[in-house]
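A.B. asks: Listed below, chain by chain, are the residues.
2 protein chains.
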Amino acid sequence: MNNQQKEFPGLGLVETQYAQLCKEGLALDSGVTIGPLTVAYETYGKLNKNRDNAIVICHALSGGAHAAGFSADAKKPGWWDVMIGPGKAFDTDRYFVICSNVLGGCYGTTAPSSIEPETNKPYGLRFPVITIRDMVNLQVRLLDYLEIGKVLSVAGGSMGGMMALQWVVSYPQRLLSVIPIATTHRHSAQQIAFNELSRQAIMADPQWNNGDYYGDEGPRLGLAVARMTGHITYLSEPGMERKFGRRLRQRERYGYDFSKEFEVETYLQHQGQSFVERFDANSLLYLTKAADYFDLSDGFDSLTEAFRGCSAIALLIAFSSDWLYPPHQLKDVAKAIRRSGGDATYYEISSDHGHDAFLLDYEKQTPLIRSFLERAQNSSADSGT
Amino acid sequence: MNNQQKEFPGLGLVETQYAQLCKEGLALDSGVTIGPLTVAYETYGKLNKNRDNAIVICHALSGGAHAAGFSADAKKPGWWDVMIGPGKAFDTDRYFVICSNVLGGCYGTTAPSSIEPETNKPYGLRFPVITIRDMVNLQVRLLDYLEIGKVLSVAGGSMGGMMALQWVVSYPQRLLSVIPIATTHRHSAQQIAFNELSRQAIMADPQWNNGDYYGDEGPRLGLAVARMTGHITYLSEPGMERKFGRRLRQRERYGYDFSKEFEVETYLQHQGQSFVERFDANSLLYLTKAADYFDLSDGFDSLTEAFRGCSAIALLIAFSSDWLYPPHQLKDVAKAIRRSGGDATYYEISSDHGHDAFLLDYEKQTPLIRSFLERAQNSSADSGT
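Sequence lines, in order, name chains E and F. So the numbering used here is basically just the index in the first sequence, starting at one, shifted up by 536. So the numbering used here is basically just the index in the second sequence, starting at one, shifted up by 536.
Derived by calculation from the structure, the hints in this document are not laboratory data. The reader is advised that the hints may include incorrect statements.
The list treats identical chains as interchangeable, and a pair is accepted whether it falls inside one copy or across any two copies.
[Unchecked claim] Subject to a maximum C-alpha distance of 30 Å in a straight line, what follows is the list of computed DSSO-like cross-link-like pairs (lysine-lysine): (1) Lys867 - Lys779; (2) Lys657 - Lys900; (3) Lys871 - Lys582; (4) Lys867 - Lys611; (5) Lys686 - Lys559; (6) Lys871 - Lys612; (7) Lys900 - Lys611; (8) Lys582 - Lys796; (9) Lys657 - Lys559; (10) Lys867 - Lys657; (11) Lys867 - Lys559; (12) Lys871 - Lys559; (13) Lys779 - Lys559.
Owing to the predicted nature of the structure, the values given are computational and were not obtained by experimental measurement.
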């Protein structure tokens with residue numbers, strides 16, 4: 537083991553790459569065509585000779601292409617480094633793993649903060665409203681560019697899980713298996729409500745300036761409030777109680793003022809403030825809206841009909857204390873896949889980490905995913921595809 | 537039935553009264569003394585000769601003294617009119633019902649928006665931080681003023697339920713029974729987190745101006761966001777789904793913009809905006825902080841010890857889908873009262889109205905409360921008190 541391996545175990549230092557795609561433009565669900573588009577992506581492991589060991593990883597709301605290894609610049613581990621690497625759930629000794637930043641995200645792929653060719657200014661709210669399907673369509677363009685036909689699997693949690701499910705319905709011929717985690721086939725009223733709350737918090741900030749704030753400070757306070765909302769919903773009630781309870785931060789007794797004194801207040805404010813340093817408020821508007829619009833049964837008689845004829849085998853993982861994406865939602869997806877004649881395995885992992893469990897509880901997910909991917913590979917070998 | 541009775545059934549038109557109390561000042565938990573204080577209150581029914589048929593009703597965060605009947609000015613029914621009146625749960629043919637606006641509220645009792653005698657300007661953030669116990673202490677001053685020694689019962693939901701519980705511990709000799717509804721003996725980390733989110737939304741608004749906005753517009757946008765947070769937590773997930781689902785407001789299809797298009801978005805924005813017209817942002821800061829500070833076991837070895845020697849019989853009501861004040865919290869209170877040697881009856885009412893159920897599900901609460909109040913009255917007659 538050399539020094540770099542010691543300092544950066546697993547995949548070591550990794551670099552984000554950029555593909556220039558859709559020179560003729562990408563037709564969006566809204567009817568608008570946008571392009572050319574830049575897509576930021578990272579890959580881990582090696583594509584085999586048959587080019588059939590690729591796995592697409594889809595990130596959640598605040599994620600990016602940097603899913604694993606240590607970033608060459610900031611030396612930060614990727615958002616799912618516990619799951620992707622040699623010997624891990626997505627084993628880079630065996631698979632070629634690809635993660636790309638979604639359309640509208642703010643980590644290198646074309647987004648509201650990108651320069652609009654026509655005006656030579658950042659898009660801001662002139663960026664077209666996008667859907668989960670638009671994001672998946674762009675991912676498939678990236679696979680075309682990488683000359684990969686059919687992938688072994690598409691996996692992701694939360695919004696990434698929605699993308700994985702959209703793959704099954706939109707591109708049934710281009711994947712062998714799918715792993716949607718802590719997600720749903722469509723947002724409930726409560727899920728829309730929390731997203732709308734985040735959007736309103738941003739838009740209430742005068743610094744948002746109708747989305748035209750690039751070069752200025754931007755809606756820092758509004759974005760922080762939006763992120764606080766997120767973090768409350770990412771933790772479970774018992775998990776939060778275990779982690780913080782009613783503990784005071786520095787004081788022995790109440791201070792009788794409005795400073796942050798409970799530990800949970802400090803946590804939320806810290807999460808809010810650090811998010812402001814790394815995320816673009818307009819991207820949060822666009823991505824939450826895409827998630828709210830997402831309804832896999834839209835245009836079909838039922839969710840079961842949406843899955844009809846889709847051959848990908850599915851591993852669905854939910855977490856017992858996830859109240860943002862409660863297990864019953866993904867269980868319903870598993871049922872619909874089975875009713876359509878498909879092959880779905882549903883697991884509810886016991887955890888008090890709430891929605892965050894998909895990022896944290898890697899030990900429980902790893903054996904499920906490893907054996908499922910082997911099965912997907914074997915089924916491919918059996919059928920000769 | 538005359539015309540007024542037809543138009544305003546039940547208690548008819550009622551008027552808020554104002555008491556000038558604490559000329560020497562009220563000593564607060566923070567160590568500060570504040571006074572003189574104005575208390576806004578309403579009464580319904582008649583005080584009997586023995587002056588022993590009084591019931592104190594405690595309001596929740598956004599409530600006021602106008603609990604029942606129709607207000608003389610706006611002709612609006614009180615916030616618990618379904619529960620208070622002739623033949624209702626709190627039967628004004630039998631009981632003398634008193635409801636007062638809490639210290640720090642914004643419906644007539646001294647609060648941050650009141651004029652500070654020393655400066656002749658609104659207090660704003662110079663108003664001292666208050667606690668649930670401070671609110672109860674002021675309520676007891678009102679009873680002294682009304683020359684009522686011992687009350688038959690103290691009842692309230694949410695923050696009002698905290699006040700009712702504080703009565704039991706602080707003034708065991710002054711009440712025969714207590715009815716805490718949809719409440720807790722102390723906030724969990726998640727409950728503090730939601731309150732902190734509301735406070736941050738207000739304080740993020742530049743119009744809040746560190747609490748000094750009276751005469752100006754004030755933090756309208758921030759307060760609306762805070763109230764949206766509240767309403768998400770007041771409804772249950774299945775209740776919200778039944779009420780709104782994914783229904784669009786006016787459109788047949790998605791509009792691909794950031795206007796409000798889902799019905800649930802319209803509902804939240806309406807709730808936020810109408811709240812701004814009727815509530816003071818600083819009051820929300822003070823009342824949520826008081827609720828966060830509330831911990832009935834504070835200063836005792838356990839919650840059971842807090843209730844030791846308290847003779848009030850208790851009826852505790854929780855609602856199955858209330859996830860803001862989940863039933864297990866009030867069940868724990870019932871257990872502690874019983875362990876202390878007290879008499880506690882706990883009911884969990886099945887409802888999908890979430891936390892709002894205490895305001896809406898009057899039919900299920902009424903028989904429980906009516907028979908409990910009879911029992912309290914009889915036990916009083918038995919013991920000769």
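A.B. asks: When the hints from earlier in the document are held up against this structure, which numbers fail?
C.D. replies: Result: hints 2, 3, 4, 6, 8, 10, 11, 12, 13 break, sorted rising.
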